[in-house]
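Engineer: The listed protein sequences derive, respectively, from chains H and C. One point on numbering: in the UniProt record's numbering, the residue at position 226 of the first sequence is 226, and numbering is uninterrupted. One point on numbering: in the UniProt record's numbering, the residue at position 315 of the second sequence is 315, and numbering is uninterrupted.
The hints are simulated quantities; they were obtained by calculation from the structure and are not laboratory data. Be aware that a few hints might be false.
[What the hints assert, rightly or not] If you anchor each label on the Cβ, the simulated ranges turn out as follows:
#1 H:K346 x C:R235: 19 to 29 Å
#2 C:R419 x H:Y224: 19 to 29 Å
#3 C:S456 x H:E295: 36 to 46 Å
#4 H:E132 x C:E147: 55 to 65 Å
#5 H:Y224 x C:R235: 27 to 37 Å
#6 H:R367 x C:A99: 33 to 43 Å
[Claimed, not checked] Covered by chain C, according to a simulated footprint, are these stretches of chain H (three or more residues, beta-carbon under 8 Å):
#7 236-250
#8 343-353
#9 435-444
#10 468-482
#11 542-556
#12 576-584
[What the hints assert, rightly or not] When the alpha-carbon atoms are kept at most 30 Å apart in a straight line, the in silico DSSO-like pairs for lysine-lysine are as follows:
#13 C:K83 x H:K399
#14 H:K399 x C:K79
#15 H:K317 x C:K464
#16 H:K457 x C:K464
#17 H:K317 x C:K212
We put the CB at the ideal spot given by N, CA and C, even for glycine.
In case you want the letters, here they are:
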Amino acid sequence: MPSPIALSPSSPPPSLFLKKKKSSLSQIPPFPTAASYLSALHEADARARGQVVTPTSTPPLSISSSLTSASGDTVLNEPDADRSGLTYPLTAPTSEQVFTTVHTEFGHCANQDYRCVSQHDSEKPVAEHKIEEPPYYILFTTYFSYLLLIIFGHLRDFFGKQFAKSYFTHLVPYNGYAPLNSDFDSFYTRRLKRRMDDCFSYPVTGVAGRTILVYDRYSEDCNYTQMYPGTKTRALNISSYNYLGFAQTSGGCADAVEESIKRYGISMSGTRREGGTCDLHQTAEALVARFVGMEDALISSMGFATNSTFIPALVGKGCLVISDEHNHASIRVGVRQSGAHVRMFKHNDMDSLEALLREVISQGQPRTHRPWKKILVIVEGLYSMEGTMVNLPKVVELKQKYKFYLFVDEAHSIGALGPHGRGVTDYFNIPPRSIDVLMGTFTKSFGAAGGYIAGCKELINSLRLRGHSGPYAEAMTPPVLMQVVASMASIMGVASPTSSNPKASSQALTVAPQADEYIHPGMAPASSLPTWLSLPPSLSDGSEARERIRRLAFNSRYLHAGLNKLGFITYGHPFSPIVPLLIFNPGKMATFARMMRARRPTPIVVVVVAYPATPLVTSRVRFCVSGAHTKDDIDIILRACDEVGDILDLKHGHGERWPLEEIMKRSVELVNSL
Amino acid sequence: MSAGNATLEPLLTWLTLILAQLERTFYKVPGSAVIARYVRSSHQNDPGRTVLELILIVFAVRTLMQSRSRDKSEGKLIKFSEKEIDELIDEWTPEPLSAPLTEWEQRDLASVPVIAGPNGPKPKILSTGKTVINLASYNFAGLAGNEHIKERAIETLRKYGLGSCGPPGFYGTVDVHLELERDIADFLGTESAILYSQGFVTISSVIPAFCKRGDIIVADRAVNFAIQKGIQISRSTVRWYDHNDLKSLEDVLISVEKDRRKRGTPITRRFIITEGIFERDGEIVDLPKLIELKHKYKYRLILDESISFGSVGRTGRGLTELYNVPASQVDMLVGSVANGLCSAGGFCAGSTIVTEHQRINGTSFVFSASMPPLLAVAGSEGISFLRNTPSALTSLQENVRAVRAVLEKTEGIAVVGHRASPIVHFHLKIPCIANGSANGIATNPTTVMPPPTGPSFDYEAEEKILQDIVDDALANGVFITRAKRLRGQEMVETRPTVRIVVTAALTKKEIEKAAGVVKGSVAKVLGKRKA
Ligand SMILES: Cc1ncc(COP(=O)(O)O)c(C=O)c1O
């Protein structure tokens with residue numbers, strides 16, 4: 001079928017348009033009719049393709065309507081849309097290529113070279129995470145700028161209290177009330193963070209996919225208040241935890257969720273143990289258990305609460321928790337609520353862990369020196385600020401020797417790591433059942449919300465009964481459950497009850513035999529899914545999700561490698577979709593975020609983090625790569641970093657450097673050489 | 001002396017320099033002005049003394065640090081050789097990660113009915129396939145299954161997708177979250193509100209965001225589990241007052257003030273924490289009186305309206321509407337979007353200072369993804385339903401009266417709680433005593449609180465009887481539930497109860513009939529027990 005797109009280049013090479021960059025006239029849509037014509041063409045094209053690919057299972061109405069609204073929005077609000085690469089791909093598709101996704105949500109990238117398998121090479125030892133040190137002058141200026149900020153802040157406080165008392169009434173004792181937040185406690189927030197408040201908490205609208213629509217805002221009073229003129233900007237989104245690109249408004253998962261709303265409504269109106277349990281909960285829990293390869297699993301309606309309300313049911317008085325120093329706040333809250341003793345070890349440092357284990361087991365409990373009832377080691381699969389991956393083989397080895405229980409928080413790694421997306425165990429090819437408790441969240445890779453805990457049946461039942469969430473916290477809602485089920489089933493692939501369909505599953509998935517003798521990682525049996533659920537073929541044979549996983553692996557590696565070759569200092573594992581780029585200086589950090597956002601034609605929104613979320617000196621920008629990004633998107637980000645990095649003097653890496661063009665050209669070679 | 005001064009000269013200049021620098025930062029610390037002035041004047045009078053004092057300070061700090069680090073390791077480490085350590089490691093056998101479930105616990109877990117399909121006033125039970133009348137779910141105004149809300153949710157899905165994929169600080173603040181926050185604030189009449197993604201963790205986060213070590217919390221003895229956990233994390237000084245007894249509260253407030261006067265310490269932050277409608281027993285706090293006390297003794301009020309928001313007042317605005325008190329009088333008003341609006345999440349409403357503070361300090365706000373946009377829209381739609389349908393709350397109240405009328409006449413159980421409460425708890429009139437017969441024990445049947453003295457109850461036995469009642473009612477087509485508790489983890493062990501949640505989605509006839517079934521089940525189970 002000749003595609004209409006072949007008639008007219010809806011996505012011209014960028015250079016053609018880039019020339020007009022400076023012309024102010026082009027701020028107004030230069031060819032409104034042409035633009036709308038192009039978009040109409042594109043729309044018609046996409047609709048036609050949508051029908052070609054999914055003739056029966058996806059209602060064409062919903063697909064086309066969502067496409068219309070998405071591109072309608074674009075043409076009206078976004079004069080830059082056509083040359084930014086955000087709405088239409090920069091690389092024009094050929095006429096045979098068929099895309100069913102909306103490019104703004106899930107990028108069109110057909111080149112099979114831009115794929116990679118996320119797997120640990122068992123021949124090689126687990127790479128130690130090396131930390132590159134910046135030159136001393138960077139450290140010095142960083143400390144110095146903090147000092148300056150602190151001194152200046154105190155001066156402002158001092159004079160403010162003399163001359164602008166009204167600003168301080170809520171910070172000092174007033175009318176017999178102690179201040180809710182004393183001037184001392186809030187100093188950091190008021191005097192340091194407020195200076196860069198424009199980089200945080202941006203309100204957005206629409207889906208947090210490959211691109212995101214952010215509300216424009218400005219402040220006239222140094223970030224005390226933000227003004228919203230009401231306009232929006234579409235920006236490349238390298239910030240959301242949308243690792244596999246399931247944040248979508250159309251496609252098989254969204255259709256399934258719509259159906260679930262029609263069938264189940266919005267809410268279960270109660271707690272799990274008091275009548276808020278429905279059949280979807282059971283379906284989802286069974287599926288999660290299969291997905292991660294454990295005997296049983298429970299789910300909870302919030303990822304944070306999964307840690308904070310179930311860890312107290314695992315350990316208590318007389319128990320010891322050994323926790324990585326960079327563990328997430330939810331783990332800390334959970335441990336604190338449990339009443340167990342806590343010790344920390346240096347981030348991902350196995351020697352430090354072993355030394356600590358030897359000490360605590362031999363010394364026993366403090367004062368009494370009684371042996372510990374049990375020791376629980378809590379680590380994360382992928383650390384959210386560092387991008388480091390836990391050295392799981394070593395931890396499991398230590399576990400054999402020191403008999404502790406192991407809790408792995410896979411919030412970021414589940415779905416995102418491993419050849420089958422089953423997380424860090426899959427990546428290292430370690431049997432999941434050699435770990436006691438696997439925890440994870442659905443907020444990230446699955447585009448849903450909530451969390452799970454998986455383990456042996458007895459453990460999970462005990463947690464269901466003794467965890468705080470069971471009797472007191474609301475159950476997960478049906479639409480969220482359905483997103484979990486649909487996205488998870490599409491990653492696993494659905495084994496049809498009659499034929500095992502060897503073609504579709506030949507590549508990486510083992511054919512699932514009988515339902516009971518499940519071999520991990522296998523497919524989801526059709527019987528384990530709701531009967532009314534009909535996933536489109538590309539989802540149920542697992543091929544689409546496999547693409548997502550491989551694209552994510554490629555993109556992660558490419559960004560890591562590209563940034564290093566440009567001369568930046570990054571942290572983390574090459575396969576980690578979290579790529580922290582070290583900036584050090586707090587002032588540069590805020591400027592970096594602003595410059596990225598101000599870039600045209602492709603604005604980029606980034607997450608920047610500084611003290612107290614990181615150590616004082618290592619302020620950073622944290623990129624979260626997605627499988628929805630295309631190679632072109634990563635190129636855009638590399639180019640932006642290259643230019644901004646030169647201006648801000650951020651390139652302090654010691655390794656070999658390549659020019660940007662070479663990195664872009666030799667990307668595949670670069671990725672495979674890691 | 002002069003020779004000594006000469007050698008000290010460079011040292012002193014250096015010290016003065018350091019001091020000057022320290023002073024600048026130090027000066028702004030509260031109370032530091034006094035110290036600074038003291039140091040300066042003493043240095044003027046006698047520079048030698050400064051050195052002496054500095055040495056003293058160094059000593060003091062060192063001792064302090066030492067005692068703290070000793071505190072951490074608590075006692076000296078015993079020296080072992082590597083071989084001994086290996087032996088100790090070999091010898092150590094940990095307890096199993098989870099204690100096996102008792103027989104009763106297994107039954108408890110298995111007794112939870114699973115609903116097939118949507119929840120609502122008349123759900124279908126998966127195991128039997130029968131449709132039952134639902135008096136267990138929080139569906140006060142009858143929002144569950146509302147078709148308009150479903151449509152709006154689907155529209156939102158098609159525009160926003162499902163998950164927000166990020167915490168609020170990092171592009172997870174979607175405009176619909178802000179709209180719901182605004183809607184809640186408008187609805188209640190507060191300056192602003194902040195949205196959390198789960199109801200349970202909301203107050204557990206709000207409390208430690210404000211209450212720090214050294215602050216004073218005065219709380220009801222029977223507050224719900226989430227509040228208890230919040231208080232535990234806050235590490236503040238807690239004083240408890242008797243359950244829903246404002247006289248006792250005032251006594252505590254007076255004694256706290258007395259203590260403070262005696263010690264002459266400066267005022268710290270002080271909070272009263274209680275619930276609007278107690279989740280534990282359906283009592284309602286006397287809000288006007290509470291507000292009066294709070295103003296009189298200069299406390300801030302953290303009120304948990306997780307049950308009362310969306311269920312009492314003319315349009316469901318909660319306790320403040322019921323008592324006609326402006327919601328702005330409550331400093332931190334915490335409610336549940338999940339319970340009151342049949343969606344998910346929780347909120348804290350209050351002044352802008354209060355909510356903005358939480359956007360940086362509310363642990364579960366900052367470190368968790370924001371709630372899915374379609375659930376936020378469902379919340380907003382719920383509010384507009386409540387605004388426009390005051391009849392829902394009227395029929396809810398009628399239904400409450402109908403349920404209570406039947407249950408209060410039922411033999412063998414005691415109905416507790418306030419008459420206006422949409423959750424109705426009942427427990428056994430005659431408690432089971434841990435060892436011996438159940439006869440002749442004088443307890444107060446109007447409260448779920450355990451008596452301060454006397455024999456201990458056999459809660460498990462009571463729970464079993466109540467579970468029999470629940471099971472029997474379900475078999476007869478009425479879905480009720482025991483109020484599940486984490487025994488052994490709660491601060492007070494209250495009497496086991498059955499909790500009936502009244503809904504406006506059922507007609508008065510249906511409600512009366514359902515209550516009649518419960519009555520029948522009570523009679524049957526208790527009759528069997530006597531026999
Ligand atoms: C390691 C870890 N655990 C738990 C969570 C909390 O998950 P959620 O955002 O779903 O509440 C996060 C999210 O940031 C996380 O990084």
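Engineer: Given the hint that K83 (chain C) pairs with K399 (chain H), does the C-alpha gap stay at or below 30 Å?
Structural biologist: holds, 19 Å
Engineer: Per the hint of 36 to 46 Å, is the separation of the Cβ atoms of S456 (chain C) and E295 (chain H) within bounds?
Structural biologist: For S456 (chain C) and E295 (chain H) the Cβ distance comes to about 38 Å; the hint holds.
Engineer: For the hint 19 to 29 Å, verify it against the beta carbon of R419 (chain C) and that of Y224 (chain H).
Structural biologist: Since R419 (chain C) and Y224 (chain H) have Cβ atoms about 48 Å apart, the given range 19 to 29 Å is violated.
Engineer: At the C-beta level, are E132 (chain H) and E147 (chain C) separated by a distance inside 55 to 65 Å?
Structural biologist: holds, 58 Å
Engineer: For the stretch 435-444 of chain H, does the count of residues with a C-beta closer than 8 Å to a C-beta of chain C reach 3?
Structural biologist: holds (count 6)
Engineer: For the stretch 542-556 of chain H, do three or more residues have a beta carbon lying closer than 8 Å to a beta carbon of chain C?
Structural biologist: It is violated: at least three residues are needed, and the stretch 542-556 of chain H offers just 0 whose Cβ sits closer than 8 Å to chain C.
Engineer: Taking 8 Å as the Cβ threshold, is the statement that the stretch 236-250 of chain H is covered by chain C upheld or broken by the three-residue rule?
Structural biologist: holds (count 10)
Engineer: Do the Cβ positions of K346 (chain H) and R235 (chain C) conform to the proposed distance bound of 19 to 29 Å?
Structural biologist: holds, 26 Å
Engineer: Take the stretch 468-482 of chain H, compare each residue's beta carbon with every beta carbon of chain C, and decide whether three or more fall closer than 8 Å.
Structural biologist: holds (count 11)
Engineer: Check whether the Cα positions of K317 (chain H) and K464 (chain C) lie no farther apart than 30 Å.
Structural biologist: holds, 29 Å
Engineer: Cut-off 8 Å, C-beta pairs, minimum 3 residues; does the coverage of the stretch 576-584 of chain H by chain C stand?
Structural biologist: violated (count 0)
Engineer: Can you confirm whether the C-alpha distance between K317 (chain H) and K212 (chain C) stays at or below 30 Å?
Structural biologist: holds, 23 Å
Hints 2, 6, 8, 11 and 12 from the list above are not met by this structure, while the remaining hints are.
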